[in-house]
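Trainee: The lines below spell out each chain.
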Amino acid sequence: MKKKKPVSYEMRSATALFKAISLVKSSALLVLFLVLGGIIYISFQTSIDKALQPSPEPIESKLHNNNSSTLDPNRVEKGIHVETGMVYDDNFELVRRSCTSCHSSKLVTQNRATRDGWKQMIVWMQETQELQDLGKYEVKILDYLEKNYSPKDVGRRQNIKIEDEDWYVIKLD
Amino acid sequence: MKSIPSKKKPFGVNRRRFLRDTALSSMAVILGTDIVFGHNLPKGMSILGLEDISASLPGKDGRLSILNDRPINAETPPYLLDDKITPGELFFVRNNGVAPVDVDVNNWTLTIGGESAKKEMVFTLAELKSKFKHYTYQLTLECGGNGRKEFNPPAKGNQWGLGAVGCSEWTGVRLKDVLESVGLKSNAVYIGYYGADTHLSGNADKDAISRGVPIDKAMEDESLIAWAMNGEDIPVLNGHPLRLVFGGWPASCSGKWLSKIVIRNKVHDGVKMTGQAYRIPCDTVGPGEKVADEDMCIIESMPVKSLITFPKTGGVISLKDQLPIRGHAWAGDQIVSKVEYSIDFGATWKSCEMSKPVNRHAWQHFNATISFPKVGYYEVWAKATDDQEVSQPMILPGWNPKGYLNNACHRIAIKVNK
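Protein chains in written order, with this note's numbering: chain A, 1 to 173; chain B, 1001 to 1418.
The set of hints was computed from the structure by calculation and includes no laboratory data.
Do not rely on the hints blindly, as some may be mistaken.
[Unchecked claim] Stretch by stretch, here's where chain B covers chain A in the computed footprint (C-beta under 8 Å, at least three residues):
hint, stretch
1, 75 to 82
2, 140 to 154
3, 157 to 169
[Said to hold, decoys possible] Calculated cross-link-like contacts (lysine-lysine; reagent style DSSO-like; alpha-carbon spacing at most 27 Å):
hint, chain 1, residue 1, chain 2, residue 2
4, B, K1129, A, K147
5, A, K119, A, K152
6, B, K1350, A, K161
7, B, K1290, A, K147
8, A, K171, B, K1350
9, B, K1129, B, K1176
10, A, K152, A, K78
These figures come from a predicted structure and were not determined experimentally.
Cβ atoms here follow ideal geometry from the backbone N, Cα and C, with glycine treated the same way.
Generate the whole structure from the sequences, applying the supplied hints.
Mentor: In structure tokens, the structure reads:
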């Protein structure tokens, strides 16, 4: 045990004064910090939330004509957002903005994984591809990916998809 | 390890970030909203919808299937691989990063260094071409993940179908001639490459990919530092102006936009050499099992495989006609000894005629003529066997976490009408 040094009255009051000043200073700093932090947090949240709003809202297309060049690519046909090829579902805009700022949406749509599998991909991108912490949005992103891009059990080898074949008559010499 | 001067940050992070943020702000104004994670955007790249990234790929046939446009990855449908020597515009594209733009051929240099090099030397392209003897070989390059899309449970990454393979005629100098002119220390075990492609994140301190091969593979006669494909410049997306070519091994070993080779005293530890990339379980595992990094082994020679390149799948033929089929077969470091076909789902097999390879690692060609016994739906299956008596499986081979080495036999659908 350390022995306490005897402290004089003057020293005690000086210490008290100093403590009081420190307290006022740190409280002021704390308040300043909280206010500034709050402003920053609110503005960040506002901007991040605003950014993740489904805006511009894709157009739910009623037409299925072939003249696609004149149509807005930012539209939805048969539940698929045409420009990205992604399923148009809850949290679509969030996923689109989180993923396609760095890579093609094709890297989402061609893959299938469990929720844990998608989580591992996010971790891998954070570790090696400079993806930042997704915070509260990660759950929503995983909800979307799990719901729309989960694996289907296809067995050891799938049938040749004959319904997709573009049947043609073989030309022989 | 980062030693390529051209990739060094020109202004330092803050200035770069400032410039990028300024650009992003103006992009945000155009979009009318902020771009979350926009700071991750590589330089000169914008988000979907602001540019037409689906336009056809430079130097490539529009019929290639684009799997991914950032980074660019595209495969060739099998019927377009019918040529004995794959034309440049039909050669698949597998990029991990962003290809360099405005390549200055006259000032392009290749540095040879590393801890097991006796000295460091820099060669210009002209010096490489004038100092060393030129060689031309037909060499088969196949992506280690070709066929990934069939794996179940699925593996992450580009979902390659059948066409991440090609065999072109490559011209260059032997890697061993160049390495020997620099001098190898006796402790050399591996070489690694660095290229001028950039990381997808735009971070100049990161390599997109930096792989390599053991020294024995590097010293083979057919291991080239190549500047030409089929007598012309290598297509931009396939590594112009200079690349490595190691036939029969995962194509990722054959570094593109080659700027540096390091001679290593240990297994090269560049990007995508470690962890699970281009590795399979050292011991086989069941479908979906998790495998620790230390239990994964680097893929070397690719397995035996074949493709039917004529006819295109989905063909209809009359019962009175015979169907000619043809295609190619290859087997990594081995030679293909036979190719057979089946029209009864593998119950019986008939032999194809086949050619010998024009040189090591060149794919071989097969053909046969089929008579169908009656009308109906058929699948023509092709199965190659290598000189070690190893054949292609008819269902998927051993599952592995990253979906490599699917060499299951190729199947095409045919209808025979009256």
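Trainee: Would you mind marking each hint as holding or not holding in the structure?
Mentor: Do the hints match the structure? See the list:
no., hint, result
1, 75 to 82, "violated (count 0)"
2, 140 to 154, "holds (count 3)"
3, 157 to 169, "holds (count 9)"
4, B:K1129 <-> A:K147, "violated, 56 Å"
5, A:K119 <-> A:K152, "holds, 18 Å"
6, B:K1350 <-> A:K161, "holds, 25 Å"
7, B:K1290 <-> A:K147, "holds, 23 Å"
8, A:K171 <-> B:K1350, "holds, 23 Å"
9, B:K1129 <-> B:K1176, "holds, 14 Å"
10, A:K152 <-> A:K78, "holds, 20 Å"
In this structure, the earlier hints numbered 1 and 4 are contradicted, and the remaining ones agree with it.
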